[in-house]
Amino acid sequence: MLSGWENYGTLFIASFTHLWIIIPAVVLGILVGAIPGFSAQNTLLILLPLTLVMDIDTSMAFMVSVYCASHMGAGIPAILINMPGTGGHAATCLDGFAMTKQGRSQEALAISAFASVVGGLFTTILAIAFLPLLSRMGLYLHSVDMVVIMVFGLCLIAMIATDDLVKGLIAGFFGLLMGVVGTDFIYGTPRATFGFIELYEGVPLVPALIGLLAISEAMVMFERESVALSSQEARQKVSGWTGTFEGIRQCIRQWWILAWTSFIGLLIGIVPGAGASIASFVAYAQARLFSSDPQSFGRGSPTGLIAAESSNNGVTSGTLVPLLAIGVPGGTTAAVMAVVLQYNGVLLGPRLFTDRPETAYGIFFSMLAAYIVMVFLVLPLARYVGTIVLVPTRVLVPLILSLTVVASLANRGYVFDIYVALVFGVIGYICRRTGYNVIAVLIGVLLGPLFEQYLLRSLRLGQGDLQILFSSSIGNTLWGLLALSLALQWWKGRKMRRALRDGPAAKETINPY
Amino acid sequence: MPDEAAFMNRRGFFKIAGSVVAASAIGGAAGQVIAANYPSRTFDVIVPTREGGGADGLSRAFINSWKDKIGQDFERQFSPGAAGQVGYELYFKQREMDGSNLLFGNVSAEMIMYALQKPDFRFPEDIYYFCGIDTDPCGIWVSGESPFTSVEEVVETAMKRPVSIAVSRLPHPGTIGLLALAEATGAQFNIVPYGGGNPQVVAVLNGEAECGGGGTAGYIEGARILGVFDREEFVLAETRGDVPLINEVFGTDIPSLYSTRSWAVHRSWADANPDDYKVLQDTSAAVFDDPRFKEEIVQSGVTPWDGVRFRDQSTCMALAQSMVELATKYGDQLTAG
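Chains A and B are the protein sequences, given in the same order.
The numbering used here runs 230 ahead of the 1-based position in the first sequence.
The numbering used here runs 1 ahead of the 1-based position in the second sequence.
Extracted from the complex, chain B is given alone in its bound form (with noise of 0.2 Å):
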């Protein structure tokens, strides 16, 4: 019996490691199957702003388009605060890496926080931004009735006195530009974060700050912007007509700054499935060609349509490699301590 059952024994373990062997096959060949039907499921987003704003209208129209070139919807969650730090954690600490989590954030003002508060997670270690899609230039704006009519006479007054400027928040490529400014020049700025866009048109258009400072591409009736930090052109010119570039009034050489929503992924996971990673990219760059995406950006008015233009992965990781290079070079001036 001992023989017997040893022989038994043998036998069924003979079965079963053929089994195992056989279902890994089939198991692997299914997996392989299901790789290529990448993706499998409701892509789930995370945007780390609130909604109403921007990014929930640009979101919107983008996946309107989107969805039927990668053949799955997308659902979104808004998570908002802390500059968008809340947003990230959630991604990189809650969302499995499977390649249909998502995010959709602002590059440069997110890896201005990246490099200021150092939240749980490494740049550009964990994470791909892979399709840019609007280009928001940062400049110096006022109200239709303040008595500024260039960027050199708020200058000018603000090597006199302090200039009060408001900014949606401090970690913001804007921000940065006004200190560039201030440092090139030796104007003096008080910049004054009002914690949102809508707070901080108020406090321009009712006079309690004198200029704002920030992105160009949201409209404000009567509101003139009179520089923009660009290296080359301003990309808006069409929709806001000629500003002049900062750089060129001035002599200074303040590098090209403006805010790009981008879409991102975990970069450990596009690196593991290359071949879903590019359908990925492929897919929402061709979205770009869609004329329902310009329809819909332009009847929404959500961003200029001249300022809607594809970046890839490489033009986006630079952008935010530069950022953080940027934010890290004016931190005393963005953090408390």
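The shape of chain A in the complex, shown without the other chains (with noise of 0.2 Å):
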């Protein structure tokens, strides 16, 4: 274990001698973050050989520096495009992309940057403090806790359908379903593949995604001349540093949700099999909850933006925890990072702390300097990236139709994708269209299999008995938690409602999704 403030220093002070990889490697992460369907895991596997002849203290630093950055620079095409190229980033169109119709694609970019960044050191450090007791937190949570979670994701379904419950349940409901294709996790038996053995693994996650947010999204835009509402007020808000500097103001106004929703990224991310896509659904549900405009939410909201890239970048620190705490991946990443530090003679698990804590540490610093790099790499690029709004739908539909195929195929490489991104582009297109909540179906088909799996799971452990979901103390207190969340909330939208009747002005209360 390291001890004193001294070699936490020493630490840090040669991480930074690793600058030379860890800048090109946070250029190309953001690339890659960037370009819808790829994601670190992809690149890293075809990078593995490179990887593999540098020394283990390097590869780390290169390794956790492109994961890091492409979770960033997954924020940009879900923020100007509606086009999120990982799980995780679904939450972040439901705000960023509306920020970006309304012009203010400037000040999101800052915000997802600024966020990302912070929730990223913060829970860095956090990491490099607490390392043992987060380990043995990873290993606190049980099924039945997770049931409870995904729960706690699940009810923001209901959240953002106040408009029009019945529809908004009706699409959530349809969501699920659309969850429950593929193999069961018990059996192995396949359900409602129809033969296709493309959907074995269940309905590919990236292409539904772009299908529903993106494609539909493109389908509308075909009827407007610009992706901002409009375009003159735009053009002046993407012009010089304003929006920038407004993003960096709102992320510092609300520092404490920014703390708070890249922790809950951090002990979600700790937990193996779980992640960015849970994450960032739960940290959003909490930061409406808390907020005193939930009725902003999804309306261009940066709070909710806030929420959503903070937890992602939490759960990358998050992931690293459980791999060398004790040799289990927390997501695909780790695991491709578990390969190097095999391949490389590290024994993964408690050990590594004391035999060799330089390496275990490092990882966390490389991450940190990688953080430090990325504030002076991105947020000045928020300016001139965000004059995307400004170019002419004509131009940018094509363009975003060309991007769903690229992003569809690239993560798996099966054509089958392309047609899955189409068929969920026209769901989604008659859900706008119709009034039915597009976020509803895709938490739905998010986390509907993590559901199912965390359940069924439960269940066959209490060999059947309901009373398992009751079992465990941390599930009972998140229990309890969540059912007074619900009453929060209907507190909240009753007193809401009747402010709004007996009120003045009523806010404008179209379903924004």
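No lab work stands behind these hints: they were computed from the structure.
Note that beta-carbon positions come from the ideal geometry of N, C-alpha and C, so glycine has one too.
Please note: incorrect hints may appear among the correct ones.
What the hints assert, rightly or not - In silico SDA-like cross-links for lysine to any residue, where the CA-CA straight-line distance does not exceed 20 Å:
1) B:K70 x B:K330
2) B:K295 x A:V570
3) B:K94 x A:G643
4) A:K722 x A:F520
5) B:K94 x A:F424
6) A:K722 x A:S521
7) B:K295 x A:V283
8) B:K94 x A:R690
9) B:K94 x A:E428
10) B:K161 x A:R690
11) B:K119 x A:R421
12) B:K330 x A:Y417
Unchecked claim - With beta-carbon atoms standing in for the labels, derived distance ranges:
13) B:G72 x A:V656: 46 to 52 Å
14) B:G242 x A:F646: 44 to 50 Å
15) A:V656 x B:K94: 26 to 32 Å
16) A:Y614 x B:M98: 48 to 54 Å
With the hints as a guide, bring both chains together as one complex.
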């Protein structure tokens, strides 16, 4: 174990000796993150021969930098063209793209960059300081506790569907229904795959998200001249640095939300198999719950965007904790890192911290250095990248549609996935035109399979007895918090409806999703 | 003119026919040259599991030695899903049977999948497993903090109440071992599949499941192996220490149950091209004598070296056949219906 601030300081300074590899890795990470469908995992796999010949500290600095930067880069297409490259960035689209439509793309990009970097820095520092404790925390959470965490995420369906609860719930259940396609988690029997082996692993997530959000949005865009609702206003907002400074100001002003949601990301990231998809929606729901203006969520709320982005980057620190502490990768990218660590003879597990503390902690210090580099590389870009909002839709829409093809194909390499994206694009368009909530469908598709997995596992452990769901003290505490959250949500909604009824001007209640 | 034309046509016909015969002869010779030059292109390998796992590390280490011996490189495609079914179906439906398309699979687990799910290929008609690499003996293990200190205690408790046992997936030789042990002793095991080795390990370490069932080759700090399903010996004794054989403890006759990762190829190609198939077999067998292979396995720790041993086609195919039979026997408990 490391002891003493001098040792931490030495490792921190040592991490900057890898700047020569961290800077290109951050640039590469942002690029691959920004290309929808590509991911840190794919990139690291392609570059595996390169990382295997580097010395272990350099290769880990390279990999964690690509990993963190790709998480941040994936927010760019989510904000600008409503195209999430990963499940973890679906929540970013909710307010990020809404801000773009209001001509506030520069501000949204600055928020994304600042929240990602600060969220990442904060959780990395926490991971360094409390690594032994956090590694045990991952072991405290059981399947039944994860069921409750999933319910927290699924409750967002009801929260965002307040305008038309029935349609919202129908959309949510439709998404959940889509989520059960594929082999079942207990026996491995294919369900509703219609003989397509490409569906055995379930509905492919990235093509489904791209279809539901990006393709359906592109179809809607055809009907307008510009992405922004007012191109003149947008032109004013993207010129100069005002948007960037406003984004930073929003993040600083809401430092508490940033810290809290990135901590949620860290905790969920520690649980192997959970990941950014759950973290971002749970964090988003939490931010909405405690917001004084929940109605602004989904309509371009900086708070919603901060929650989604900071939790995403909190996950990056979290997934490395179980990998190093017990030798179990918390996610797919961590699994690739495990290959490199094992190839270099690094024994993962508790002994790593006594035998090679410089490697174990060095990984987190490299992450810290990568985030610091990102501040200087990314924030200035917001002003220029944000101008995409001025591109006319006759140019932008074909570009988006061609990107969707690349993005759908890139993840698994199956042509089938392009058709999946198109089908979900049509579903998304129909939802938008008929008032069904696209995001509710999306949450169902995204969280449904995970919810089913944890629920079936818990029921199997309890041999079918539902009481197992209330058998864990952590789970019971979470159930209590969930009930409190829902009661608070109901009370706030009631208060708001009363205020609207009594107040002079009613707020716009059109479903923003 | 008609006669001349006819004559010319006949001459033309003979010219063309002659050319065709000559071309066929040259082509045939060229074909033989190509056959003699097997393999003529990079091998495409389907791995029916996720990257980053044991199959990834093991196949990488093997390829690093094999590519020099066979003179071609290997390109791997990871196609996980449905206990290996996705990868196998892709291999048989979408890959040409030309000897340059190989499969790297887990014989035991995937033959159980074959018996239970009845996919669109036939065993043993369509496939030859020709080079088994490792042995991962199946057994019962617990975390360092578990109250169980022996396999007798586990069974004793399981005779009074169900004991929860985490497995990576139901179609696995380890699950069959547990079902056979339960059948022989009257123990009640609540077998819970976790969809992968990593969540299974976490479940045992955090006490969600009382024991783990399945492979014992993966290193888990602090874990204790209580017993293995093997008729003869615990092959990993050198690295994992002495572990009792479950058959000896309970006087049962459960078959030896272990996982073996193996290379496989389309059987029709192998039968039609015995010389080329021999090249595959001979060069892959030679990898086991390469010190680089051993060095890489030991360094990466992907599997204990004492579990690495060459298994030829007949051994691999016999293992596969026995797994199909066992899966059929316990099919009712391994499937939904």
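We went through each hint and held it up to the structure:
For a cut-off of 20 Å, the pair hint linking B:K70 to B:K330 is broken: about 41 Å separates their Cα positions. Taken as a hint, the B:K295 and A:V570 pair is honoured in the structure, with Cα atoms around 18 Å apart against an allowance of 20 Å. With a CA separation close to 16 Å, the supplied pair B:K94 and A:G643 stays within the 20 Å bound. For the given pair, A:K722 sits about 10 Å from A:F520 by alpha-carbon distance, which is consistent with the 20 Å threshold.
For the hint linking B:K94 to A:F424, the alpha-carbon distance of about 16 Å falls within 20 Å, and the restraint holds. For the proposed pair A:K722 and A:S521, the alpha carbon gap of about 10 Å is at most 20 Å, so the pair holds. Taken as a hint, the B:K295 and A:V283 pair is honoured in the structure, with Cα atoms around 18 Å apart against an allowance of 20 Å. About 35 Å separates the Cα atoms of B:K94 and A:R690, which puts this hinted pair outside 20 Å; it is violated.
As the CA atoms of B:K94 and A:E428 are separated by approximately 13 Å, the hinted pair is consistent with the 20 Å bound. Distance check on the hinted pair: B:K161 and A:R690 sit about 19 Å apart at the alpha-carbon level, within 20 Å; holds. Among the hinted pairs, B:K119 with A:R421 is consistent with the structure: their alpha-carbon atoms are about 15 Å apart, no more than 20 Å. Taking the CA atoms of B:K330 and A:Y417, the gap is near 16 Å; set against the 20 Å cutoff, the hint holds.
One distance hint, 46 to 52 Å for the beta-carbon pair B:G72 and A:V656, holds here, with the actual separation near 50 Å. Distance hint check: the CB atoms of B:G242 and A:F646 are about 48 Å apart, consistent with the given range 44 to 50 Å. Separated by about 28 Å at the C-beta atoms, A:V656 and B:K94 satisfy the suggested range of 26 to 32 Å. For A:Y614 paired with B:M98, a C-beta distance near 53 Å keeps the hint of 48 to 54 Å intact.
When held up to the earlier numbered hints, the structure conflicts with 1, 8 and fits the remainder.
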